Amino acid sequence: MDYKSADDIQLMLTVRDADDHQAFAELVNRYQNILLNYFIRSAVEYDMEDLAQQTFLRLYRYRQNYRPSAKFTTFLFLMARQVWIDELRKRQRRQKLVEELERQTEPFAAAPAPEDGADAKHDIDQALRSLPDKLRQVVVLGVYQELPYAEVSEILGIPVGTVKSRMFNALAKLKDFLLKDQGGKS
Amino acid sequence: MSCGLDYGLADHLLELPRADAESFSGVVAALRGFQSAQVSEGFSDRVMAAVKASEKREDRRIYRQFKPVSPWHFLKIAACAILALSALAFLADRWFSSNAVAEKRDVAWLLSAQEPDGSWDPAKHGGSAAYRPALTALSALALAREGGTQCQAAISRACHSLAASQLPSGCFGGTGRQEQYNHAITTFALASLAPQFPEVRPVVAKALEFMRSSQRAAGGWDYVDNSDGNTALTAWNLRALACAEKQGFSEARTLRCRGLRWLRNAVRSEGRVVYHTDSRESESESLTALAAYALLDAGGQYPELERLGRVVAGRLTVAEDSGTDSYRDYAKALAFAAAGESAQSRRVAERLRSTPSATDDDAWGMVGGRLYTSALAILAN
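Chains H and F supply the protein sequences, listed in that same order. With my numbering applied, the first sequence covers 1 to 186. With my numbering applied, the second sequence covers 187 to 567.
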């Protein structure tokens, strides 16, 4: 099999049916940066590479569940979304534990403030982080990954109409945030 | 309007009023206008290693269902019991030790004990020859605390000795456990000394390559097969990486993030720390202190880890009567200091300084002998 020229579905079927590591490595090479950026834009503050790695591991573990009727990217981002949800739950549990144990202690130091002269990249990051997760996910998948709305709808488990309304709201909020930020700096 | 399967953002923007479409197009262009991040070098290799490891685990799980109870298991329990009794003997001996050791005397002794090649040989002072690089590194660090021209010359010789002992792989010698501890401690020392001795920077860079190659897929470090890491060794590596990162070795960052993630998973409810993430082994104070320090040290960048580090550090006590253990007390002094508990840190450090420099009663004396207790007593302050 010519792994380089095979499409994603052929590769994934080879992984599913033959546990083919070379085919899987090709998929990893194709999607490693895409997944990394997915997590960065989903407001993951650290461990982005680990979450990408976990997604690939999960993809491999659940390879038998793959059906070619679904696009490979839909299957992959469903895994990535689940990895992120699990991570959020873990973090929330830890946060709760910390808060319970330390309720009586002095407040912790706040996170360091962004440095002065933050660049435009920082503004975009901040704007994305300012969005509620449900809006941010629509932007990450629809704008950055350029997925069709039908695929976004399948990954997030919401109707296409909701994808549209969330996208509209997200872009409106991002526009306001960026305009306000520019106004504040001028 | 109905949406086809390929209906996406571009189609959506076309449906909107012109003003909205134009302003949103600007937002979309701004969002897409920045370069994407790239995974670090070797990422796909790490993923494939993790995939292979997960397959092996699956195989072992199947095998275990049919595995008979091994006599080796009983031998291990017996060995643990003997070790525990020995530790109890150490604890009892501790009550009879009353010699106070002054810091200056430790420094003078360390200077006198340096070998002509710049290293320190633990075998000559009650320890094990296998840990020569680690003990050389700790002794050099201890002298750096003291300063002075005599110490500076000794540290310089020590740096050259450590650089000369570095193997092509980047490690500093030894096998298994010795290799890993030698490596983490020596890398930490050299990264700490890099500002005063810039000639060690290439040695540190090479050492980081070895650290990268020995990091397990899950982010930890260990010296046994089939483990995703152990807390003590991972904490030492994290210490080295934090120091290297501060000295401008950017490649340390990714390794550190992965290591911190592993370490975070070694913390159980109420801040209890386990040695292996898949075990229920009871915590030790050394382990708790090492983990607390690593988490607190990361706090400047990751506030969540600092909060967790405080919970872990909250389990530590000064415990005046808990036996002589330079390693534990050194780690506790560091953890208390990092948690802002300076009074407790001082008390532990003073106790460490007041223990005898002879090492028969130190739980880890067989590792580094008097070099160990002397260097750690200085470094804890």
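No lab work stands behind these hints: they were computed from the structure. Predicted, not measured: the structure shown is a model, and the values here were computed from it. Ideal placement from N, C-alpha and C gives every residue a C-beta, glycine not left out. Hints should not be assumed to be uniformly reliable.
[Unchecked claim] Label-pair distances were calculated between CB atoms; the ranges are:
id, chain 1, residue 1, chain 2, residue 2, range
1, H, Q92, F, A350, 22 to 32 angstroms
2, H, P159, F, D206, 46 to 56 angstroms
3, F, A391, H, P132, 39 to 49 angstroms
4, F, A205, H, D86, 20 to 30 angstroms
5, F, R363, H, Q22, 43 to 53 angstroms
6, H, A18, F, A205, 46 to 56 angstroms
7, F, P302, H, D86, 19 to 29 angstroms
8, H, R93, F, A215, 34 to 44 angstroms
9, H, G161, F, S222, 46 to 56 angstroms
10, F, K242, H, R30, 36 to 46 angstroms
11, F, S222, H, A18, 26 to 36 angstroms
12, H, R93, F, K238, 25 to 35 angstroms
13, H, R93, F, A265, 34 to 44 angstroms
To see whether the hints hold, each was checked on the structure:
Remark: the range hint 22 to 32 angstroms for Q92 (chain H) to A350 (chain F) is contradicted by a beta-carbon distance near 50 angstroms. Checked against the hint of 46 to 56 angstroms, the C-beta distance between P159 (chain H) and D206 (chain F) comes to roughly 21 angstroms, which is inconsistent with it. Hint check: A391 (chain F) to P132 (chain H), Cβ distance near 43 angstroms, so the stated range 39 to 49 angstroms holds. A beta carbon spacing of about 41 angstroms between A205 (chain F) and D86 (chain H) contradicts the range 20 to 30 angstroms that was offered as a hint.
Distance hint check: the CB atoms of R363 (chain F) and Q22 (chain H) are about 35 angstroms apart, inconsistent with the given range 43 to 53 angstroms. Distance hint check for A18 (chain H) and A205 (chain F): the Cβ-Cβ separation is about 54 angstroms, which falls inside the suggested range of 46 to 56 angstroms. P302 (chain F) and D86 (chain H) have their C-beta atoms about 57 angstroms apart, which leaves the hinted 19 to 29 angstroms range violated. Against the hinted window of 34 to 44 angstroms, the Cβ-Cβ separation of R93 (chain H) and A215 (chain F) comes to about 39 angstroms, which satisfies the hint.
In this structure, G161 (chain H) and S222 (chain F) break the distance hint of 46 to 56 angstroms, their C-beta atoms being roughly 30 angstroms apart. K242 (chain F) and R30 (chain H) have their C-beta atoms about 25 angstroms apart, which leaves the hinted 36 to 46 angstroms range violated. Checking the proposed 26 to 36 angstroms range against S222 (chain F) and A18 (chain H) shows it holds: the Cβ atoms sit about 32 angstroms from each other. About 30 angstroms separates the C-beta atoms of R93 (chain H) and K238 (chain F), a value consistent with the hinted range of 25 to 35 angstroms.
Roughly 36 angstroms separates the CB atoms of R93 (chain H) and A265 (chain F), a value that falls within the hinted 34 to 44 angstroms.
Of the numbered hints stated above, those contradicted by the structure are hints 1, 2, 4, 5, 7, 9, 10, listed in ascending order.
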